[in-house]
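These protein sequence lines map, in sequence, to chains R and F. Counting from 1, one number per residue, gives the positions in the first sequence under full-length UniProt numbering. Counting from 1, one number per residue, gives the positions in the second sequence under full-length UniProt numbering.
Keep in mind that the hints were calculated from the coordinates and are not lab data. These numbers were taken from a predicted model, which means no experiment stands behind them. For every residue, glycine included, the Cβ atom is placed at its ideal position computed from N, Cα and C. Some hints could be false.
Residues from chain F that face chain R, not an exhaustive set, calculated with beta carbons under 8 Å [to be verified]:
hint: 1; residue: L2
hint: 2; residue: K190
hint: 3; residue: R279
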Amino acid sequence: MNTKWVGKRVQRIDGPEKVTGELKYMTDYHFDNMVWGKVLRSEYPHAKIKSIDIEAAKNLPGVICVLTHKDIPGFNGFGIVVPDQPVLCSDIVRCTGDAVALAAAETLEIAEQALTLIKVDYEPLEVVADAEYALTDSAPKLHPDGNLHSHVKIKNGNIEEAFEEADIIVENTFFSPRQMHAFIETEGGWGVMDEEGFLTIRCPGQYAYRDRMQIARSLAYNPERIRVISSPIGGAFGGKDEITVQIYLALLAMHTNGRPVKIHLSREESVIAGIKRHPFKVKMKTAAKKDGTLVANQVTAIGDTGAYASLGGAVIALAIEHSCGPYKIPNVDLEGFCVYTNNGIAGAFRGFGVNQVCMGIETHMDMIAEKLGMNPIELRKKNVYHQGEVSSVGHIVKSSVGTYKTLETAENCDLWKNREKYKSEVSEPWKKRGVSLATSFHGIGMGIGLPDYGAATIELLPDGKFLVGVGCEEIGGGNSTVYAQIAAEMLNCDISNIMIVQGDTQRTLDGGTVTASRSTYTGGRAVAAAAPKMTELLIQTAAEMLNLQASRIDIRPNHIAADGQIIPYKSIHKYLYDHHQSARVEGHFYLPKEKEEIKGSGGAPHHLYGYLTHVVMVEVDTLTGETDVLRVVSIPDAGKVMNPQGLEGQAEGGAVMGIGYTLFEDVLIENGYHKTRNFTDYIIPTIRETPLIETFPVEKPEQSGPFGAKGIGEVVMIPIIAAIMSAICDATGARIFHLPATPERVFNALKDLKKQKVQSAR
Amino acid sequence: MLVSQIDMITPSSLSECLNQLSKAGRKHKLIAGGTDAAVRMKEGKWRPEIWINIKNLKELRYIEEREDFIHIGPLTTHTDMIQSQLLQRKADVLVEAAREVGATQMQNMGTIGGNIGTASPAGDTLPALYVLGAMLELTSLTNKRTLPIEEFFTGPGRTVLKENEMITKILIKPQKPNGLGIFQKLGPRKAQSISIVNVAISLTMDNDRKCAEGKIAFGSVAPTIIRARKCESMLTLGQLNEELIQNIAKIAWKEVMPISDGRATATYRRDMASALLERGLYRLIRRWENQ
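Whole structure, please, built from the sequences with the hints as guidance.
See below:
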């Protein structure tokens, strides 16, 4: 298809103002009459609250209000799936991130001081610090139904028989870290209630409409009287999917006499109270025939969701759905447990459970290839499912599948073809290099059981430009530029004539979340559904204005032509306005879904998946165990690429985030208390840890998508994890099963390897 | 003490500053670049009644060679040191260490005096100062004393500095033409990290691979920086070939007394003392041979 905007390298429409710092994030705003809100967090990871005394705090000069659970007019709880997290705890605290009281004051310092004056009498209870222990009978129950939040199971074929008949079996246990989103803008925002009781909450989020519902439920307040503005956002990655501070802002705003109230978490508070990626323990046993055909996979995954569910159940379900990789394994027995502990709170995070299982199956693929003396690409090519084939979880994959093509591209890329040469070019004699690859996939959109739809509006503005409204927020992934490209393409105008508004319950329609790698697909398709209606409106109006047949009207770039006359869009707007007609159109659609849910899977399968293969080269310092990722090749199948520049941005950001996950990042919690406090000891990659990253998309267009697009936001960070782990092994012979692969872990693995060699030589 | 209640005074000269420091009956503290002080104030650990702001005391910011020493003013920033041609030529190990401190912003603000005064066992410039034989001049309104840097620290965050004293000068011995040094750091990542282990090495070479004299100091493996004197004495035993380097490195294991913390275990720190010394000596010898 010949396009002018779609598929082209279009500069991000929000780029300049973000790069120059001109853009104000919501937490950047200050107002003269503003007051500061602070949240009192629990002193203990698990305790009974015997009493809360706020008198002294209330009497501190400069304090405007101090609120506890008694001040919540509606339901004292929130949570996307199960609202099991108290807004303000009344009887029990289950993690040190739990909120117990709120204070608003004239200055931040007074608000902080007020918190120190709130006397909470606690009775400490036994701390559940480990997910496996939580499942035992001796562990105290953290919630009325016990500590098992959810359990999913997928079983196909006959696993026992398959293991018996297999030629080769590999079995290992994998541990993954509690990764932090580490967004540049910590959780925060502000709220204000006007004289008529209309409440405005400006707070970065990933679904303004759902945030509004959760606020309304806690306030027992008509949601129509609440406006939530949730975009722009200084990074989210899933960490702002759940309620962060919106309900606190709303509660405080009801008690500040119309003055705006601001909350902005310090990094330290964000570390403790913000959600994190689920740490997993994954036991995996994989079997193959001599020729490399995979025959069986058995997986037990235990995810630590911390004190509350948030999206933990969905994370475990997605992990299990993806636990066999993009392969066709006939016999599988896959089981996942989502478990409550007192270890903070875990929830949505880019990759959503797939990261933790991909490292297992892909490590096994390399171990099998090594044992069989087979090329790891050949082994994968042999086992991948193609469009129309049955996946390991047992459904026929009807949407586009690009794995094979990404593997072919990997095979032919410079890094892979010349890997022996690159590996020999070590910078110092005690350093060793390795090159490896891994492949993965990621479902797009909600699974079965959750309604999934998209919606967009297009409005003709007085100056003749178009305002495109999409509910999906701009969380940094670049969806606003994609929406503008699609609108400009379909409305046949210059992209500078497209304005975008996102994430505002007053100005955009409910179009679902910015999660699940879905916003390019759903938002894009919604814009594509609205655009023809705008064209229609323009033509009809012009026809009416000129008293001509609609068929004689032509849409030209940025104007309309008919019978030698030119009508600028401005005039069309004026005509509509003068005749009291709406200049706004809407586009709606429903996301395609699979008909049948796999029994016990918690929502599998998805209709659409994005695919990606990573090739990496690492250099390991064998004296210290330091690992340096030197080169990354990212080969995504995102369907039709809407904006190559945007895709590269996602691929590069995802790769760096994957490097951080594999080598550096972990929020350490001991007995319910955070050992990691801020960025001093939470290590994320800097530019010095950022390698050369090349992106080579393979395009397997998806018929149902806007212009053939799918989604890519999450899978860009997944296979690199396993690829780095394998490259460390390729370099040194040492396999890492416990992430992050810190210098100390790698060094110890090398030490063990040396010991083994000494012993076997004896 | 609330942050908003803390006063700040900015003396315009050293003598005025010493005068302020001599005032008894109040809690005051010096602040220069603020890269440690501001963090500790935020954490609630340092809340003096008065900050004495010495950031702009220009008379304490210099690097110059006089007689047998290089004189460094305590308000010299890490960036000043990195850019100093004198230090690049005659104290390369200090330049390398300064380059490893935090990020560029920290290097621009943080001062050598502050790095010494904070007395962190992980302070990056400290091992370099040890191997350069640094002497510190401490001054109060009525007294002035000079002591070797080894005698300055008493433990983590603790020094012999009195309430009314401040560091007014750092003296180091310039390297000879056949001298060269190296700073090796292992952190959880390459940039902007706190050392798990660091080591500074300064060698004076004879000819070939023969070392005439050498100094080695480790950071982050004991309550203060420590000199590895056993390793030092072995440096001159023969040609610094692979075998001798490995033997010296192994001994380092015995000279350190690290603890476990969130960044690393004691065992790993021990292993890394040896590894960094080995790596540092290899790199130094290669540099020497390429000169």
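Against the structure, the hints:
no., hint, verdict
1, L2, "holds, 6 Å"
2, K190, "holds, 4 Å"
3, R279, "holds, 5 Å"
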